[in-house]
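Novice: Listed in order, the protein sequences are those of chains Z and X.
Take the first sequence: its position 4, counted from the start at 1, is 4 in the numbering used here, and no numbers get skipped.
Take the second sequence: its position 107, counted from the start at 1, is 107 in the numbering used here, and no numbers get skipped.
Be aware that a few hints might be false.
What the hints assert, rightly or not - Listed below are the simulated SDA-like cross-link pairs for lysine to any residue, each with C-alpha atoms no more than 25 Å apart in a straight line:
| # | chain 1 | residue 1 | chain 2 | residue 2 |
| --- | --- | --- | --- | --- |
| 1 | Z | Lys11 | X | Gly157 |
| 2 | Z | Lys9 | X | Asp159 |
| 3 | Z | Lys55 | X | Ala158 |
| 4 | Z | Lys19 | X | Asp159 |
| 5 | Z | Lys19 | X | Lys94 |
| 6 | X | Lys90 | X | Asp159 |
| 7 | Z | Lys55 | Z | Asp108 |
| 8 | Z | Lys9 | X | Gly169 |
| 9 | X | Lys94 | X | Gln80 |
| 10 | Z | Lys55 | X | Asp166 |
Stated by the list, open to error - Short, incomplete list of chain X residues facing chain Z, as computed with Cβ under 7 Å:
| # | residue |
| --- | --- |
| 11 | Asp60 |
| 12 | Asp108 |
| 13 | Leu123 |
| 14 | Ser163 |
| 15 | Pro165 |
| 16 | Asp166 |
Simulated from the structure, these hints should not be mistaken for laboratory data.
Think of the CB as a built atom: it goes at the ideal place given N, C-alpha and C, for glycine as much as any other residue.
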Amino acid sequence: MKSLEELRKIKERALERRKLSGEGARARIVVAMGTCGIAAGARDTMSAILGELEKQDIANVIVTQTGCIGLCEYEPIVQIQVGDSETVTYGNISTDRVPTLIETHIVDGEPVEAWKVRK
Amino acid sequence: MTVFRDLSQHILDIVENSITAGATLVYLDIVEDPAANQMVIAVRDNGRGMAPEMLIQVADPWVTTRTTRKVGLGIPFLKQTAEMCGGNFKVESKPRHGALIQATFALDHIDRPPLGDLIGTLLCIVVGNSQLDLVYDHRVGEQAFTFRTREIRDILGADVPLSDPDVLGFIRNALAEGLSSIESRAGVDVKAGH
Numbered sequence: 001m002k003s004l005e006e007l008r009k010i011k012e013r014a015l016e017r018r019k020l021s022g023e024g025a026r027a028r029i030v031v032a033m034g035t036c037g038i039a040a041g042a043r044d045t046m047s048a049i050l051g052e053l054e055k056q057d058i059a060n061v062i063v064t065q066t067g068c069i070g071l072c073e074y075e076p077i078v079q080i081q082v083g084d085s086e087t088v089t090y091g092n093i094s095t096d097r098v099p100t101l102i103e104t105h106i107v108d109g110e111p112v113e114a115w116k117v118r119k
Numbered sequence: 001m002t003v004f005r006d007l008s009q010h011i012l013d014i015v016e017n018s019i020t021a022g023a024t025l026v027y028l029d030i031v032e033d034p035a036a037n038q039m040v041i042a043v044r045d046n047g048r049g050m051a052p053e054m055l056i057q058v059a060d061p062w063v064t065t066r067t068t069r070k071v072g073l074g075i076p077f078l079k080q081t082a083e084m085c086g087g088n089f090k091v092e093s094k095p096r097h098g099a100l101i102q103a104t105f106a107l108d109h110i111d112r113p114p115l116g117d118l119i120g121t122l123l124c125i126v127v128g129n130s131q132l133d134l135v136y137d138h139r140v141g142e143q144a145f146t147f148r149t150r151e152i153r154d155i156l157g158a159d160v161p162l163s164d165p166d167v168l169g170f171i172r173n174a175l176a177e178g179l180s181s182i183e184s185r186a187g188v189d190v191k192a193g194h
């Protein structure tokens, strides 16, 4: 295990940053990780999302997983909620769509209409 | 009938089953034993477990506990992959006593899928299930690496999410260093799965 001392410093930095931004989680991202999702590439999609947050140094975004949500034909499925706004469900989010999705919806706060799932 | 490209995807799928079964603690053991030409992947959890009648049927592709779709597919795929690769598969479980899923493979079998993106997969499991305690133990020959999420979560507390960019970097580095240490000391390429 890498030095836990380093992790304590990371925690202090994260708490400091959070205090400066004066907010809790600014967005929530949920990736559907049922068997159907994984088969469609959801692992790589989530991995790309985490990679993007790390690379672009985007803090205060909570990323979680859920199981199959019954929309298997649209997998990989990603749901995004920015602040208190409505949760948007996106379909067919392959890794190549991830940078645009993060940039547009998380950073700029504008949903990507073309990739929404029409239920 | 291969839906998953690599064994990491099977691992993720099995752990997702554990979480669906209410598990708060999951042990993931990966053993690569070149001397015995064997790979073992075992997932043990403290979820709600399965009744004997469910246990008998669990490797049947038409059985599922899910309600959103009528067919369950994950476990039979792992069983099939193991049996196709000179290995075997077992499930042990009792109601309220968790479950153990174990698959073995002939390490050098030509059809054995690679482990694939193990670090990315573990990141998904750890970050995506922030309430889960994962104990990941990976052995290659005589070399071993253990990674526990509990000590990380204990330090971070409730206010810093695991998806914090610096925390992501920390976990990724810890896993990469651990894996490369068992790989280099054992003289095999763990990440490529060979």
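Novice: Would you mind marking each hint as holding or not holding in the structure?
Specialist: Tested hints:
no.	hint	in the structure
1	Lys11/Z x Gly157/X	holds, 9 Å
2	Lys9/Z x Asp159/X	holds, 14 Å
3	Lys55/Z x Ala158/X	holds, 23 Å
4	Lys19/Z x Asp159/X	holds, 11 Å
5	Lys19/Z x Lys94/X	violated, 47 Å
6	Lys90/X x Asp159/X	violated, 40 Å
7	Lys55/Z x Asp108/Z	holds, 17 Å
8	Lys9/Z x Gly169/X	holds, 13 Å
9	Lys94/X x Gln80/X	holds, 23 Å
10	Lys55/Z x Asp166/X	holds, 10 Å
11	Asp60	violated, 14 Å
12	Asp108	violated, 25 Å
13	Leu123	holds, 6 Å
14	Ser163	holds, 4 Å
15	Pro165	holds, 5 Å
16	Asp166	holds, 4 Å
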